[in-house]
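Chains as they are written, first to last, in the numbering used here: chain G, 1 to 836; chain P, 1 to 457.
Hints are computed from structural coordinates only; laboratory data are not their basis. It should be emphasised that the depicted structure is a prediction, and the values quoted were computed from it without experimental measurement. No residue lacks a Cβ here, since even glycine has one placed at the ideal position from N, Cα and C. Watch out, some of these pointers could steer you wrong.
[To be verified] Below, computed lysine-lysine pairings styled on DSS-like, alpha-carbon distance capped at 25 angstroms: (1) G:325 / G:811; (2) G:811 / P:372; (3) G:475 / G:415; (4) G:83 / G:325; (5) G:475 / P:372; (6) G:325 / G:77.
[Claimed, not checked] Cβ-Cβ distance ranges computed for the label pairs, FRET-style: (7) P:27 / G:435: 32 to 40 angstroms; (8) G:435 / P:22: 34 to 42 angstroms; (9) G:187 / P:237: 54 to 62 angstroms.
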Amino acid sequence: MKMMPSITADAPVLTRTEVAGLVALAARTVPPVWPLESAIAVNPLAGFEDVPFEQAVKLAAQRFGARRNLPISQWRKLLAAGKLDERTLRDAAIQRLGGLNAAFEMAGPDMSRLDLLMARLLHAPTQGEGSTPARLPRDAAFIAKWCAAFFDQGHAASPMPHRELGLYRATLAAIAYDAEYRALTGETGQKLLLSVSRDPLNAIAEGLATLAIEPGREEQALAQLVARLPGWAGHIRWRNEKADADVAVRSPATMADLLALWLLLARGDAVCLPLDPADTSGLATHVRLADSTPDAVGTAANAAIGEDDLGAIFQTAAEWSYRDKLVPSLQAAARTIASCETPDAQLLFCIDVRSEPFRRALEQQGHYETFGYAGFFGLPIALHRHGVERRTRLLPVLLSPQHDVAEAPVPGQEKAADAFVASQARARQASALFEAGKQGSATAFSTAEATGPLAGLLMAGRTLIPGIIDRLSAKRAPSREDVLAPSLDGHGGQPAFTLQEKVGFALALFKLTGLSAPARLVALIGHGASAVNNPYAAALDCGACGGHAGGSNARLLATILNDPDVRAGLAERGIAIPDTTWFVAGEHNTTTDEVSIFDRSTVPESHRNDLAALTASLVKAGALNRDRRAALLGRNAADLLTGAVHWGEVRPEWGLAGNAAFIVGPRALTRDIDLESRAFLHSYDWEADTDGTALTTILTAPMVVAQWINCQYLFSTLDNDRYGSGDKTTQNVVGGIGVLQGNGGDLRVGLPRQSLFADDGTPFHVPQRLLAIVLAPFERVERVVESNDILGRLFGKGWVTLVAIDPRTGKALRWRRDDEPDITPSAASSIHEREF
Amino acid sequence: MQLSGSNIPGRLVAGILWLGLGAAGVWAIGRPAEASASGLPLATGLLTLFVAAIIATFSLRHMRADGRPSRFFLTLVALVGAVLAFLFTNNLVVLGASWCASGWLLARLIGHADGWQEARAAAARARLAFLVGDAALLAGLGMVGWHVGSTRIDAVLASATTLPSPWVDAAALLLVIAAAARCALPPFSGWLLSSMTAPTPVSALMHAGLVNAGGFLLIRLAPVLEAAPAARMAAVTLGLLGAIYGVGVMMVRPDVKRALAGSTVSQMGFMIMSCGLGAYAAALWHLIAHGLFKAWLFLGAGSTIGIRTGKPTTALSGRTSLAIAAAITGVALSLLVSGDGDANLVPLLLGLATAAATLVASIGGRLPPRAKLALVAALVTLIAFHGGGMTLAAMAVGPDANPFVPAPVLLALLVAFLGLWVWQQQRVSSGRGLPLPLYVHLINAGALPASSHGEAK
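Just chain G, same shape as in the assembly (with noise of 0.2 angstroms):
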């Protein structure tokens, strides 16, 4: 269909409720996406989990015009690296190809059609290397450009006029000025300014009616539209649905308003891509559909599998060779799980991927019982910061906050909290005057010249000497933690927290990870990581604080548990703690590999060797897990600690690239198993949780969060430019919110090259989905799946792989998918056998 341009609006044909609603199923293209403060992993392909794994890939490919696959160059380096087997590899070939009678076909001489595959697989010549930044079309650029100004959090001094108006009509009272609309629509434009509605909804529904939008087509059309900037069309969702509302108050924006202004251009002929999407015709010349792969060896059954296919099929391959490995060496274990004696000290951590190694070498230290749990212990809690315009979320982002928590000084710390408090406010309003004085049109020249000599001797400290500036910074003022502490008083005056809640929260952490027999010492660990001068530094914080630090929530339930009442409450409740057991918090440092623990004063006399064992073990074990990375990162364990204060490192640690796996069961599961910081691992007693209830927590809320990570990895890898946000170097932080790449162009999502591939290019991430495993009996498993719709799609439709292992067989099924053929005797099961 050829757009014409009009300006002579055809008369709505669509209610504003009608097109409300068109325009948010439309909006669900895209996930929220969430700022860079608080980084949170989400699937970028979110919007389509209702359809199978391969076809979401297809469609999304499509729609933002992304890779669907690595190249085969880079798949056949992680083969030669070991990260697939090609055995495997031929298994998943004879699968692509429909089984063995279908792959034994002769397909030439001499050459079966496996023959065929895997040579295309393993050495034909590939195409190119994979993504580079694609430069936006003028009319996605225009919209970004004012999407940028308008959505601007602090940074401009003088911000775009009247943002108060929304999104549309604030743009739509700039570009009458703007020569670059005029370049773009012309006279057709300059007309339509006058004319067009000011509502984005009414608006909408005269642009559709205008450029003869089939009815039908209206959703798919939109839908087309939000995909084109998919940065900015998340963060207005990331806005509406997830932020608090003192973020948008003074510049309201809806999709609509967004959708109002692609109309806009469309009705001005100025948009690139046919907005009817019966008619591709025009649409592989902008996107990049790889379907037309040369066919090296070419034959006609083989030509039906293009590159990207192969790149599926190497994943298939990466998915397999993992679970054949690690769930045999599961079942061994299942088999002979024995309880251990009481042990010396019990330790939570977060099912964080970069747990279990730590974990692991802090159980070779002496009698630890480590446990996983979700890092925001369970307290749906919004931290109020002292010096801190706005609340801090510290939960998953599936939750909203219940509770308002302040901070408070720590007791005795009351003098140094207030020095702290002092001297935050001082840095600010030093950083506040430099601000206004760089600004200045007469102040700027002069401020610049003061602060030069300075700003070069920061700058070499920084450079030749980050370690000593840290330590020295560190040893002249206290730090946050020391003298403030969250608070159970709560936020404005009333208490965070009923007695019953405090009960109720702490029962959760009993009843979730099967914890039963309290030691004498339990300590909650949370964990953030330390990153400078990089946008991406929450990323590697909590993501089940809502990508913070999360010390403050281990203290917090620390506190909770140690008060006399809650044990009351919970002994009342079946769960008994000894009073010889004692709290802590502490916090992992996963870039340092070092563990602070908190509150030590208030720790009873009685319980002090017992920390400082601890504590000793908790050091070696940070020593041992740091060479560990150390390794994997290709530098020294020294440089480490260098590269966690340097503000040039732009790759401070791995965070959770690897992440493959997400285990329920207790530790003595997996004691015994390397499992190479892949895996989450959420400790759960199958013999505790008679109803079912704690594993439909498990696997709705954490695996939840396990998968969005996963995913988030997953398609940052396959195609760096669309999923993820390019090389680090060349970003530029955007109105404090998050990145763009060079001048300008869409918000960028997802994770950034450095922290998904190796130095020499090659994926250190694997890109394979989630493979999930529970110890229970099938039984269970298959009514928590059944019941709960989210698990049977994310399970069904081939987003996460789930096998259950029979904790009193030591037996393995594997969920089978909607789209596979039952071949199981018992109809009546979901679950499909499958030998290990």
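Here the structure of chain G is known, so what remains is to put chain P in place on it, guided by the hints.
What follows is chain P alone, placed relative to chain G:
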């Protein structure tokens, strides 16, 4: 310090630059006192080596995943070499050649990610701007060299006053154009404002050590400039325009890097204006201090994540800023009436205005008195730094030229800056921001011409 892989070119380059800096430092301390003529190249050379050494070391980490470390680091060191060559040479041919080479190498680094169409476009745009500037430079140098009959810079400078008027006017004007192109003053600002495709360390080097070459050129060839009042007038005008335009761009940009680029345009404008006025010490000190300031801000550009919901900056109220501006104008008047107003008047009084504004703002905040005292103490320290730097710069370049413009014009210049500042503070503190047409014009500043269909895949 062990870094991943074996980035031998990178470590070699960083080592060479630190060694070079050390050697230059030792030589600077030990050089004979009578060699004061070498103060300018020495000061700018030390700045270049210092910033480049820091950037190379920073890049060992920052560029660790760059696929072509040899290309990056060798271009970097070649660029520093070219800069040092034109800083220290006494030969017009070497000056011209190394100036051109430095531009070409810089454009290469702007387009370092050469698989990226936007980076190639940005590099091409920079090359085009440099081409114009380089042509002007070569023509200007050729004219004076040919007329004097020597390729020695000292010879040319010695006989600058003997050059015939239209001839020297034209040559000096060409030099001003060359400086303006390198300094990204309007109409040449586009290349710098669209150079965000450069990796962060390259931007730092560019803003700290390359763009200010225009200032160096005018100070180095000051006698030629002084012989041509028309060229000086052009420098003052272009500088003023750049100073104001750049502030505007900085004020509206939502992204960190282009806001910094706007700031650089403004600062370079101020520097070129100072050169035109003959305030060489102020211009040199500005060149050095701004270089350090901007390199620091660029390298730290990753630290700007954080959503703020309050007012963007703490601007002074319109009334306060008006009072400060009036007081400063009063001081200027009294200086001019008593005949003490020299070339340095504008930089000096803007410094005074900055000190006054910052002082008023730090006393006016809601901090406890002790904290205010600490801020004031810090401010005094910074002023001392500033004064010290200015003194050193004066030692390096010798006396300022006579102001060629009459006192009322100097006053008008000062009032232009102050008046604009009062207006700006008023608009920002009242939350109104800039008028919409101006805002739109500024937000479009430096946009690369858009591609109609995006990048062909």
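Right, here's what the structure says about each hint:
no.: 1; hint: G:325 / G:811; in the structure: holds, 15 angstroms
no.: 2; hint: G:811 / P:372; in the structure: violated, 71 angstroms
no.: 3; hint: G:475 / G:415; in the structure: holds, 17 angstroms
no.: 4; hint: G:83 / G:325; in the structure: holds, 12 angstroms
no.: 5; hint: G:475 / P:372; in the structure: holds, 24 angstroms
no.: 6; hint: G:325 / G:77; in the structure: holds, 20 angstroms
no.: 7; hint: P:27 / G:435: 32 to 40 angstroms; in the structure: holds, 39 angstroms
no.: 8; hint: G:435 / P:22: 34 to 42 angstroms; in the structure: holds, 35 angstroms
no.: 9; hint: G:187 / P:237: 54 to 62 angstroms; in the structure: violated, 37 angstroms
Going down the numbered hints, you'll see the structure goes against 2 and 9, while the others check out.
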